[in-house]
Structure formats: C-alpha cells, structure tokens
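K.L.:
Residue numbers (my numbering), protein chains in the order written: chain A, 649 to 1011; chain B, 30 to 430.
Read the hints as simulated data drawn from the structure, not as lab findings.
Please note: incorrect hints may appear among the correct ones.
[To be verified] Selected chain A positions facing chain B (in silico; Cβ < 8 Å): (1) Gln690; (2) Asp691; (3) Ala777; (4) Ile885.
[As the list claims (entries may be wrong)] Subject to a maximum C-alpha distance of 25 Å in a straight line, what follows is the list of computed PhoX-like cross-link-like pairs (lysine-lysine): (5) Lys357(B) / Lys89(B); (6) Lys217(B) / Lys240(B); (7) Lys89(B) / Lys172(B); (8) Lys335(B) / Lys357(B); (9) Lys124(B) / Lys350(B); (10) Lys217(B) / Lys231(B); (11) Lys388(B) / Lys350(B); (12) Lys217(B) / Lys227(B); (13) Lys988(A) / Lys240(B); (14) Lys850(A) / Lys762(A); (15) Lys727(A) / Lys662(A); (16) Lys172(B) / Lys684(A); (17) Lys727(A) / Lys717(A); (18) Lys989(A) / Lys231(B); (19) Lys124(B) / Lys357(B); (20) Lys989(A) / Lys350(B); (21) Lys89(B) / Lys335(B); (22) Lys172(B) / Lys124(B); (23) Lys388(B) / Lys89(B); (24) Lys988(A) / Lys233(B); (25) Lys388(B) / Lys124(B); (26) Lys227(B) / Lys684(A); (27) Lys988(A) / Lys231(B); (28) Lys989(A) / Lys240(B).
Glycine included, C-beta positions come from ideal geometry on N, C-alpha and C.
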Amino acid sequence: MDILLHPAVMAIIKIAVIVLGFVMALGTVLTLMERKWMSAVQDRLGPNRANLGRFTGHGALHMAADGLKSIFKEDTIPKGADMVIFYMAPFFGFISAFVVWAVIPFAMPIGDFKFQITDVNIGVLLVLAMTSLGVYGAVLAGWSSNNKYALLGAARASAQMLSYEIFLGLSLVGLFMVYGTVQVGTLVEAQNTYWFGDVIPKWGIFTQPVAFLLFFAAMLAESKRVPFDAPEGESEIIAGYFMEYSGMRWSAFMLAEYVTVVGIAGLTATLFLGGYNIPWLHADGFHLFGGHLPLPVWLIVLLQIGAFITKIVVLCWFIIITRWTIPKFRFDQTMALGWKKLLPVTLANVAVTALVLLAVDSF
Amino acid sequence: MTESIRRLEELDFGAEPMVIEVGPSHPAMHGITRFRCEVDGEVILSMEADIGYLHRGFEKEAEASTYIQVIPYTDRLNYVSPLINNVGYSIAAEKLFSIEVPRRAEFTRVIMMEISRITDHLTCNGATAMEVGAMSMFLWYVKAREYLWECVEEMTGARLTTNWTRIGGNANDVPDGFLTMLEDRLQKVSDVLDEGEKLVVKNKIFIDRLKNVGILSKERCMAHAFSGPMARAAGIAYDVRRSDPYSVYDELDFEIPLGTVGDCYDRYLVRQAEMRQSMHIIRQAIDMLPPGEFMSYDRRASLPRKHEVYGSIEGLIDHFKIVMDGPKPPPGEAYAAVEGGNGELGFYLVSDGTGRPVKCRVRPPCFNYVAAMEEMTVGHYIADIVPIFGSINMIGGELER
C-alpha cells in the first residue's frame, strides 16, 4: 500500500482520473453536445441516427461512431508536406490543452491530500505558459501542410494568439493583486472569504468583474472560438491551418479544441467563479447569518466536486451557445479589437485595481 | 484596377504577391465559380473571375425544343426562384404569339412570383449571414423557405422543378385550401424574419462585417448595368415591376426599398424590406384574385381541353399538331423582362415561323454582378470576398445557363 502513497504514483493516479476520467470524457461528450445544443438553437433535432439495433441513445452513439470513423479513415498527407512537422503538429495543441489541468483543484484539501495534480507555487503562470504553447500546433500544422489556405490560417493563428496572450496575462494581474498569490490552491481558498458580514463571497467575478470579461474574451481568442475564429474561418479559408489533415489527426485537432473549451471553463471557474467553493460552505459546513449547518467532510468534498463540475458544464454551454448566436469577426477586426480596445481597458483595470487597493490599505 | 497597380508598387522588400485560387470548389462559391486572387498578406490586389463551370447550354437546347418544351429548362436557371423564370419565359413567348392571359392566371402568377422572390431573398440573406458566422440565421431562413416551398409544392407539384406556366396561362388553377395555407405560412415567415432581424441587424459584429464592404457607387452600378436589389441598395430606384410593368403589377400597391451607400449591409436590408413588400403584394393579390379561367386555351399555343380532344376531330388535330410540331408563332422577335430575385431577368426570343425558336437568349442579372466583383473586392481582405459574393447572390444556373 505504501507504494500507492508515493507522490509520483499518486500524481499518476490523479492524472489518470482527472485527464482520462473527466477532461477527456467531457471533451468527447462536448463534441456531441455542441451538435445537440446547436440544433436546439436552430430548430432541428441534431444527430440521432447512429444506432445499435434499436438503441440510439438520442445520438449518444455518434460519439463512438465519429471516433471509429476517423480511425478507419485514410490518413492523407499532402504532396510537398514537411512530414515530421506535419505528424507532430496535432500533438502540440493536444498537450497544451491538457496541461492546464495540472494545477486545477477539484475540492478542498483533506490533510495532506489535495484534489489537484500538483499545487506548484507558480500556478497560474504555468497555465499561461502552457496555453501559449498551443500556438505552435496551429503554426506548425499550417506551415507544414504546403497549402496557401493553411498558411494563411497559420499566420492568422499566430498573430491572434500572440496578441491576445498579452492581455490574457495582464487581465489576471488585477486578480493577483487582490488575492496576493499566483498559487491556484491559495487563490481558490481566498475566494471563500466574504464581504458585508459573510454575505457576498469574494469570488473573482465580484472583485474583478472587468478582468473576468477580458479574461474570458482573451481565452476565447486563444482557443480560436467564435467570435474569434478567423484562423479557422471555415467560410473563407475553409479550415485554415488544419485543412489538409484527415482521419485521426484531424480528430486530434477537433478533440483538442473541445478539451480547450473544457480548459477555459475550468480555468475561468477556478479563477473567477470561486473554483470548487459553494457560497457559505466552509470546511465544517454551511455558515450564513450566524447560523451553522455542520456537514461531514466527505459530503462537503462531494458537494464541492459537484459544484465545480456544474460550473464547468455551465461555462462550456455558454461558450458553445455563443458560437451559434453571434457572427464572427474578420481577422483584422479581431486584431483591432485586441490592441485598440481590450488592451487599454486591461491596463486601466490594472491601474484602477492598484489605486483602489492602495486606498483601502491606507484607510 | 488603378488602385491595385498602385498597391503592387508599394509591396515591401520587392516581395511578390501570393496568388490564391478561391474556388471552384470552395464553401463560399455558391455553385461553382473560381476567383484567381493576388493577395498581399490578406489584402486583395487583383481578382479575376472565371465562370462557366455550370454551363449547360440552355440557349442552344432551347433552339432544338418547341416553345413549350423550353419551360422546364427555365426551372434550372435561377433554381431558388424557378417560378419567376417560368413566368418570364412565358411572358416573352406570349408576346411572340400575342396571346392574352386570363386575369386569374395573372394574379396567380403574381402570387407565385412573389413567393419565389421571398425564397430567393431568404436564401441570399441567410447565406450571407452564415458566411459571416451566423450559422443559425441560415438554418432559420431555410426553415422559413421550407414553409413557402411547401406552398409551391401544393401549387405546382414540385419544389424546385416547377414547370408551372404554359404559353397563355398556367398548368393548373389555385388548389383548394391553398390561399388559407399561404396566409398561414406568410405569417410564419414573417415571424422568422422578425426573429432573424433581432439576432443580426443591430449586432455590432454583423454590422462591422457588412458595412462599407463591397461598396459600388450609384454611377458605377449604372455603368455595370446593375439591376434588382444590387442597384436598389445603391439608391437606384429601378424595378422592372414599376418601371416597365408586366402582368398585373401596375394594379398592385408596393414600395421599392432603397439603400443609400451600396454596401453589403444595404443589400441585406433592401432584401429584408423587399421580402416584406412581397408579402404585402401577395396579400393584395389574394384579395383581388378574380374568378375565371387559369388558361387562355388559345388555339395557336395551348393544348385544347380534354373533352375537345376526345370529342371533336378539330380538338384531336390541334392536340396532335401542338404536341408533334409545337405551336408556331408568326416570324418576329420578342423581349420580355421580369424582376427576378436578383434583378432584371430578360428573355429574348426570335421566331422564323417554325415550331422552334431560332434564338432564345437569357439576360441573367447576376452576370453583371460577377463582372463587377473585382471592382468591389480589390483593396478588401480575403475574408470580405465571402460577404460580397454572398450579397450579389450569384446563382450558377442563371449566370452560366
């Protein structure tokens, strides 16, 4: 039994449970849910034809059908493609989409045990560094495909992701100032403190509302979701950087996209929506207006995991519904929005936060 | 063109522009068209339209067919509003034969043409919205189009390949319950239009994508002989229904919506407004629909009634001659234009007195638009090709015949 408690073994088990059991699973389900939610918006039924005999599961079998289909599809490689890079590119996006989950806690720590793969002290900075690696997937895929449309997509992707990287990081500076830490575990615990006599929780969205919007927009742009999906631009440059991919490699891009959506949702929930916290639920039960409802620890942990997953699913739903509601920006408009509007607002947000904190401290 | 030359000289580092082929197999090229674009980064320096991928030889086929046999071919011209083509051709043929069409048939034709105009504009505006990313809009509009196509099916028996008009009238009368069904469907379509407008018309992203994109001024529109919504979006009050009334349009009351700038956004709004006007026209035509025949039964061009065919030798001979030789108009020529979904759709027929036209020429409205694509796109971004091309509503069947 001791070997199981070794930190390395523990970490591997946690990775398996979180990545395979939750992130990958939710990402796969999202491929179906996107189509289902989209069809709900568009007054139609959505996929419902894949079946095993009479069982269709309202389209649930499409997940398996899609996977099988892409495995058995021919893996075409365009003439003149740079083979090594072409083979490698899908994995960059895939890996960076998963690494985010290394630092995200799912429930409060019990003693030494943390419901989190690792709680490194550079926390959020690691996440930022890793998400910015995702750009390599797009750029290398576009470059190695030997296709002009793919090249345009890669150029768009790199310009967009590098620009939005800047205020993605800057939008979080205000948050770091308020909570005084970049360590994710501490950040989440700090969000379980309250204003006005234990009534309003100090969640990121309440302490830094502007930063929340900026961060969310920047994350959408980072992951190339609508309205910032010019790098993929299916109507003008067809699929952009991954237009030459087929079969399982193409699926890797698609799955990476959905995993990134889960990642955005997870990160936003952690940083701005109180992470696993449920309002007024402390380590020993609910506290509100002086009343106290004690709860056993296992129930609290379960409640917290449930709350966290609920927040993630709601955010995923929001991201997906956005895509089917609004049109998308042209590429130059995306850039203009980033540099001319969002960046100044981000800087102003940092300045105002600093001034307010200074004012609060000095009184 | 001058601007594109100037921009070529401004390229940095003596770089060469990249040549990119948009089409023929490209999601934004409705049907199949090819644009050969030279781009500097994302900015289009020059563009060359290459058409003809959908050429089927309609005009040549018409020369080998009798006047009646041409009608089914016209379905395939503008395939989102086939009834307008049917009527347009029939009006030209009726001019050639100098046949009067019964008033009931005329009003029914107006109803069906306006339904087709709505379906045409729904397709165009829906596709434009989809191409700038509002995919849901397209599917809503397709849903609305489906309501109307069911009406078309009720009337003609087919959704697309209608083949509904005849020389001197229509294939059939208004079926039972059609008018109430149509009223109901119009209300539904109107609701979808309102819903769609709520979603995009005031949306900042949508406006950014369409406003000031693909501007063609009033003067340039005239120089390119634009017609239809494209010309009206630029502020030219030209509508064949008003300026050269055919059928019974001079008895109906409707407005011609006009744009101001002539950009994609104006075209979008003009089409939206025209759909509402079309509904207004349909409602009037339903109220004014007179009783009477749906066919003139003119001996020269239409098949006699069945009881005459079976009951009299003259009827039988007429039937035989019209089926075998085709109706024979006097030698001469006729041109008739109708306001198609895209603009002025003209049919020019030349007869030498035999049963087959010597020449059948179509004036497709979108030919001029595609010719002006370069002028509209140079200096814009690659991504702008999509809404511009969407807004001109090129229909391959009509353009390339």
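K.L.:
All the hints need checking, so say for each whether the structure fits it.
P.N.:
Here's how the hints hold up against the structure:
1. Gln690: This hint holds: Gln690(A) lies near chain B, its Cβ roughly 4 Å from the closest one there, short of 8 Å.
2. Asp691: Check passed: Cβ of Asp691(A) comes within 6 Å of chain B, closer than 8 Å.
3. Ala777: 29 Å, violated
4. Ile885: 7 Å, holds
5. Lys357(B) / Lys89(B): It holds: about 19 Å lies between the C-alpha atoms, which stays within 25 Å.
6. Lys217(B) / Lys240(B): 29 Å, violated
7. Lys89(B) / Lys172(B): 36 Å, violated
8. Lys335(B) / Lys357(B): 21 Å, holds
9. Lys124(B) / Lys350(B): Given that 25 Å is the threshold and the Cα spacing comes to 21 Å, the pair holds.
10. Lys217(B) / Lys231(B): 22 Å, holds
11. Lys388(B) / Lys350(B): 22 Å, holds
12. Lys217(B) / Lys227(B): 16 Å, holds
13. Lys988(A) / Lys240(B): Roughly 20 Å between the alpha carbons, so the hint for Lys988(A) and Lys240(B) holds.
14. Lys850(A) / Lys762(A): 22 Å, holds
15. Lys727(A) / Lys662(A): 42 Å, violated
16. Lys172(B) / Lys684(A): With Cα atoms ~18 Å apart, Lys172(B) and Lys684(A) stay inside 25 Å; holds.
17. Lys727(A) / Lys717(A): Status holds; Cα separation ~24 Å.
18. Lys989(A) / Lys231(B): OK: Lys989(A) and Lys231(B) at ~20 Å, within 25 Å.
19. Lys124(B) / Lys357(B): 13 Å, holds
20. Lys989(A) / Lys350(B): It is violated: about 75 Å lies between the C-alpha atoms, which goes past 25 Å.
21. Lys89(B) / Lys335(B): 32 Å, violated
22. Lys172(B) / Lys124(B): Not satisfied, since the Cα-Cα distance of roughly 37 Å exceeds 25 Å.
23. Lys388(B) / Lys89(B): 8 Å, holds
24. Lys988(A) / Lys233(B): 16 Å, holds
25. Lys388(B) / Lys124(B): 15 Å, holds
26. Lys227(B) / Lys684(A): 23 Å, holds
27. Lys988(A) / Lys231(B): 22 Å, holds
28. Lys989(A) / Lys240(B): 20 Å, holds
Checked against the numbered hints given earlier, the structure breaks hints 3, 6, 7, 15, 20, 21, 22 and satisfies all the rest.
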